[in-house]
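Put together the whole structure using the sequences plus the hints.
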Amino acid sequence: MEDILIQILNGLDKGGAYALIALGLTLTFGTLGVVNFAHGALFMLGAFCAVSTHKLLTLSVKVRDESITYFEAYKEQPYLEIWWGDTGTAIIDYAVPISILVTIPIMLIIGVVMERGLIQRFYKREHADQILVTFGLAIVIQELIRTFYGANPIPTAAPDIVSGSAAIGAFFGLSENLVYPWWRLIYLAFAGVIITAVFSFLKFTTYGMVVRAGMSDRDTVGLLGIDIGRRFTTVFGLAAIVTGLAGAMYVPILPPDYHMGMDFLVLSFVVVVVGGMGSLGGAVAAGFLLGLLQSFASMNEVKAIIPGIDQIIIYLVAIIILLVRPRGLMGREGVMDD
Amino acid sequence: MKDDKDNKKKWSRRDILKASVALGAAGATPAFFMKDAWAENAIGNYPVKGKTLTLGFNVPQTGAYADEGADELRAFKLAVKHLNGEGKDDGMLSTMKPLALTGNGVLGKKVTYVTGDTQTKSDAARASAKRMIEKDKVLMISGGSSSGVAIAVQGLCQEAGVIFMAGLTHSNDTTGKDKRRYGFRHFFNAKMSGSALGPILKKEMGTERKAYHLTADYTWGWTQEESMRETTEALGWKTVKAVKTPVGAGDFSQYITPILNSGADTLILNHYGKDMINSLTQAVQFGLRDKQVNGKNFEIIVPLFSRLMAQGAGDNIKGILGSTNWNWALKDAGSQAFVKSFGAEYGAPPSMAAHTCYVQTLLYADACERAGTFYPPKVIRALEGFKFDGMGNGATEYRAEDHQCFKDVLVVRGKENPSSQFDLLEIVQEVPRSQVEYDAKIFGGDLGPYKG
Chain A
1 MEDILIQILN GLDKGGAYAL IALGLTLTFG TLGVVNFAHG ALFMLGAFCA
51 VSTHKLLTLS VKVRDESITY FEAYKEQPYL EIWWGDTGTA IIDYAVPISI
101 LVTIPIMLII GVVMERGLIQ RFYKREHADQ ILVTFGLAIV IQELIRTFYG
151 ANPIPTAAPD IVSGSAAIGA FFGLSENLVY PWWRLIYLAF AGVIITAVFS
201 FLKFTTYGMV VRAGMSDRDT VGLLGIDIGR RFTTVFGLAA IVTGLAGAMY
251 VPILPPDYHM GMDFLVLSFV VVVVGGMGSL GGAVAAGFLL GLLQSFASMN
301 EVKAIIPGID QIIIYLVAII ILLVRPRGLM GREGVMDD
Chain B
1 MKDDKDNKKK WSRRDILKAS VALGAAGATP AFFMKDAWAE NAIGNYPVKG
51 KTLTLGFNVP QTGAYADEGA DELRAFKLAV KHLNGEGKDD GMLSTMKPLA
101 LTGNGVLGKK VTYVTGDTQT KSDAARASAK RMIEKDKVLM ISGGSSSGVA
151 IAVQGLCQEA GVIFMAGLTH SNDTTGKDKR RYGFRHFFNA KMSGSALGPI
201 LKKEMGTERK AYHLTADYTW GWTQEESMRE TTEALGWKTV KAVKTPVGAG
251 DFSQYITPIL NSGADTLILN HYGKDMINSL TQAVQFGLRD KQVNGKNFEI
301 IVPLFSRLMA QGAGDNIKGI LGSTNWNWAL KDAGSQAFVK SFGAEYGAPP
351 SMAAHTCYVQ TLLYADACER AGTFYPPKVI RALEGFKFDG MGNGATEYRA
401 EDHQCFKDVL VVRGKENPSS QFDLLEIVQE VPRSQVEYDA KIFGGDLGPY
451 KG
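So the sequences go chain by chain: A and B. What the first sequence shows, in this note's numbering, is residues 1 to 338, in sequence order. What the second sequence shows, in this note's numbering, is residues 1 to 452, in sequence order.
Hint data in this document are derived by calculation from the structure and do not stem from the laboratory. Here the structure is a predicted model, which is why all the values come from computation and not from measurement. Check before you lean on any hint, since a few could be wrong.
What the hints assert, rightly or not - Listed below are the simulated BS3-like cross-link pairs for lysine-lysine, each with C-alpha atoms no more than 25 Å apart in a straight line:
no., chain 1, residue 1, chain 2, residue 2
1, B, Lys97, B, Lys340
2, B, Lys238, A, Lys303
3, B, Lys135, A, Lys62
4, B, Lys241, B, Lys331
5, B, Lys202, B, Lys291
6, B, Lys51, B, Lys121
7, B, Lys387, A, Lys62
8, B, Lys415, B, Lys441
9, B, Lys130, B, Lys109
10, A, Lys55, B, Lys318
11, B, Lys202, A, Lys303
12, A, Lys75, B, Lys97
13, B, Lys415, B, Lys340
14, A, Lys75, B, Lys130
Listed below in C-alpha cells is the structure:
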C-alpha cells in the first residue's frame, strides 16, 4: 500500500513538472502556431535565473588558504553574511524562492525578445523552418550558458526548513517509511497554483478571452479591429514565464547544467502530442498521466514482469495514442489531424 | 676463354645438399633469433616523417564531461611542454624513476599534438580518432572520460596500429574482456575500487548490511556493480536488489522511492558524473541519510569519486565514502611536483582525470625513448611490465598480461569542513597496491597481436 501511495505521489510530482513545461509549449503552439524547439532552453534559462540569483546573493569575500601555495585556494564568505549576520544567511538560504521574483521579469523579456526578434519572422514559413531555427536558437543558448557556467551541474539547495522529507506515512497513521521530500511537495503545489493561474487568466479575464478567441480564429478576431499579434506576443512572454518558473523551482530537485533544456525537450513534445497539440487541458492532463505511468513503470514488481518498461513507457503510450487518436487525448479538431 | 669457363664454379650435388640444409636450418630457426625478425615495417603511422612527433588528445570538449575533458586537455598540454623542455619547471620529469626522457622532445623530435572532441559518444570518439590517425598521422592517442568511449577507441587503435593510452576509464572490461595489445590503462578500475573499499566498509559499517544498488546501465556500471557486490557479499552483506538505471535519467526519484520500503540499510550508487550528482542529491532529499533501518544508520556509498563531480553534488557529498585514482592533496614528491606545475600554469589543482592523462603522455614518451624507436611493437614491449615510481601513486607497474597499471588506490570521503573551494575530499586511506591486485585471467579477453 505504501509503495503504491509513494509512486502516486512521485508520479504527480513528476507530472507537475511535465505539465508546466508542456503548458508553456502548448500556449506557444496554440496561439502562434509555432513549433518551438527552443522551449527546453527556456526551462533551462529559468533554472539558471535561480542559479544566478543564488550566485548574486552569495557574492563573497575570498579568504585565502595560506597553506596552499601552488594555486589560489580560498574559502568564501558572502557579503550578506558579513553585513547582516543571520539575516544575511537566511536571505541566502531562501535564494530559490527569491529567484521567482527575478525569473518572472527576465523570462518575460526573453520571451518577448525571442518572439519579436526572431520567431515572428517565421510565422508564415514551413514548420520545418520553424523547427530548424528554434532548434538552432536552443543550441546557441545552451552553448552560451556552458561558456559562462561550465558543463558541470551547479548545486543550488532548497531552504533548510524544507530540505528534508515530510513524514506523510506517520501523519496518516501508515508506515514510517512513507516519506516524501518537502521541496517536491512544494513543487507539486506550485505547479498546481501556476496551472490554475494560467487557466484563470485565459478563462476569466477579457484579455484571456480575446486570446482564446484568437487561438480559435485569428482572422476573425483581427477583423474586429483587435491587434491580436500584440496579445500573442504577450502570451509568448507568458509561456516563457511559466516555463522559466518551472525551471527555477526545479533547481533543488535537479542541479541544473547547460544541457537540461535538451533533456526535457523531447519529453515535453511527447506530453504535448499525447495531450493534443494546442490543448491546454490536454497538456496538463497528459503531463500528470505520463508522470504517473513513468513512476509506476519503474516499480520493481512491474519491471519484473516487463523488463525495461520504465525506459520506454512514455514513448509506448505516445505511439498508442497517435495510432488510436492522432489528435491526442484532448486535441482540437483539425489540429494535427491531417 | 676455355680456362675461364672451366674455372667457373659448378654446383655439385654436395653443394646443393649443403645449401638445402642451410636453408632448411634457417627456416627452422625461431624468428626471434634472426636479424630483422622485428624489422620495423610500416605500422599505423610509423615510420614518423618529419621532425615532429604528433600525439592525438581525444577528450570530451562538449557534452556532460566537457569540464573534465578541459582539465584533461590542460594536463596534456602541460605534458607536451615538459617533454619539449618548454615548461616553467619539469613537473614529474623531475620525480619519475627510472626516466629516459631528457626534456628535449622524444628521440630528438619535438612533440606536437592535435585535439578531438569525443562528445562522450562512442561513434563521435571513433570518428575523431580516425581523423587523427588518417589525417593528422598521430602515433599515439590518449584521453576520454568514459569506458564506453575508451573501449571503442581502443578497438580502433588496435586495428590501425596506433597506441592508445586511455584516459579516465574505470570499467573492468577496458583491460579485461575488451583489452587490446595497443591499449594501456594507467587509471584504476572497478575491481580495484571494490578491493580498496572492502576493509574500510567492514571497519566502518560492519558485516551485517543489506545493500541496494542503483547502477548505470552500461559497461562501466555493470562491472562496478559486479565488483562491489563481490566485495560486499564477501564481507557478509546481503544484496537486496540491484536496479539498472538509464544513463542520463535526470530525475531518479522513481528509482529511489522503492528503496524506502525495501529493507535495505545501504545504498550503493554505481553512477558517475551527472548521474551520480543527481541520484545522490535526490537520495539525500528523500531522507535516506537520516533513516534508521535494521537498527543502523542508513549509509550511501559512491564507489568512484571525482573532485569535479563532488563540486556538482554540493553539501550532499559530505561524509560519503568512495574511492579515487589520485588526489591533488597527496604529499608524495611526484604529486606535489605535478600540482605545483599545473597550479602555476592554470591557477587550480589538477583533477584525477588530468593526472592520469599527464602520466600517460609521459609514460608513452618515456617508452619510446627506452625502446629507441617509435615502432609500436617495440614501444608496447617497453611499456609491458614497466615498473616505475615518482608519479603519484607509489611504486607502479604496467602489468604485461592485461596492460593494467597497478598502484596504490585512495579511499576518500566527502569532507565535512572544506578549507577551500578545492578541498572537497579527505583521504581516508592510501590502500597499498598489494591489496588491489588480482589475477589477470579472471576477466578473460585477449590482447591480440603486436603487429596491428
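Going through the hints against the structure:
1. B:Lys97 to B:Lys340: holds (19 Å)
2. B:Lys238 to A:Lys303: Holds - the C-alpha atoms of lysine 303 (chain A) and lysine 238 (chain B) are around 21 Å apart, at most 25 Å.
3. B:Lys135 to A:Lys62: violated (47 Å)
4. B:Lys241 to B:Lys331: With a Cα-Cα distance of about 40 Å, the restraint between lysine 241 (chain B) and lysine 331 (chain B) is violated, given a limit of 25 Å.
5. B:Lys202 to B:Lys291: Holds. Lysine 202 (chain B) to lysine 291 (chain B) sits at ~20 Å (cutoff 25 Å).
6. B:Lys51 to B:Lys121: violated (33 Å)
7. B:Lys387 to A:Lys62: At roughly 43 Å apart (the allowed maximum being 25 Å), lysine 62 (chain A) and lysine 387 (chain B) break the hint.
8. B:Lys415 to B:Lys441: Measuring from Cα to Cα gives roughly 37 Å; hence the hint is violated.
9. B:Lys130 to B:Lys109: holds (23 Å)
10. A:Lys55 to B:Lys318: holds (21 Å)
11. B:Lys202 to A:Lys303: violated (32 Å)
12. A:Lys75 to B:Lys97: Roughly 36 Å separates the two Cα atoms, so the pair is violated.
13. B:Lys415 to B:Lys340: holds (22 Å)
14. A:Lys75 to B:Lys130: violated (44 Å)
The structure does not agree with the numbered hints 3, 4, 6, 7, 8, 11, 12 and 14 stated previously, though it agrees with the rest.
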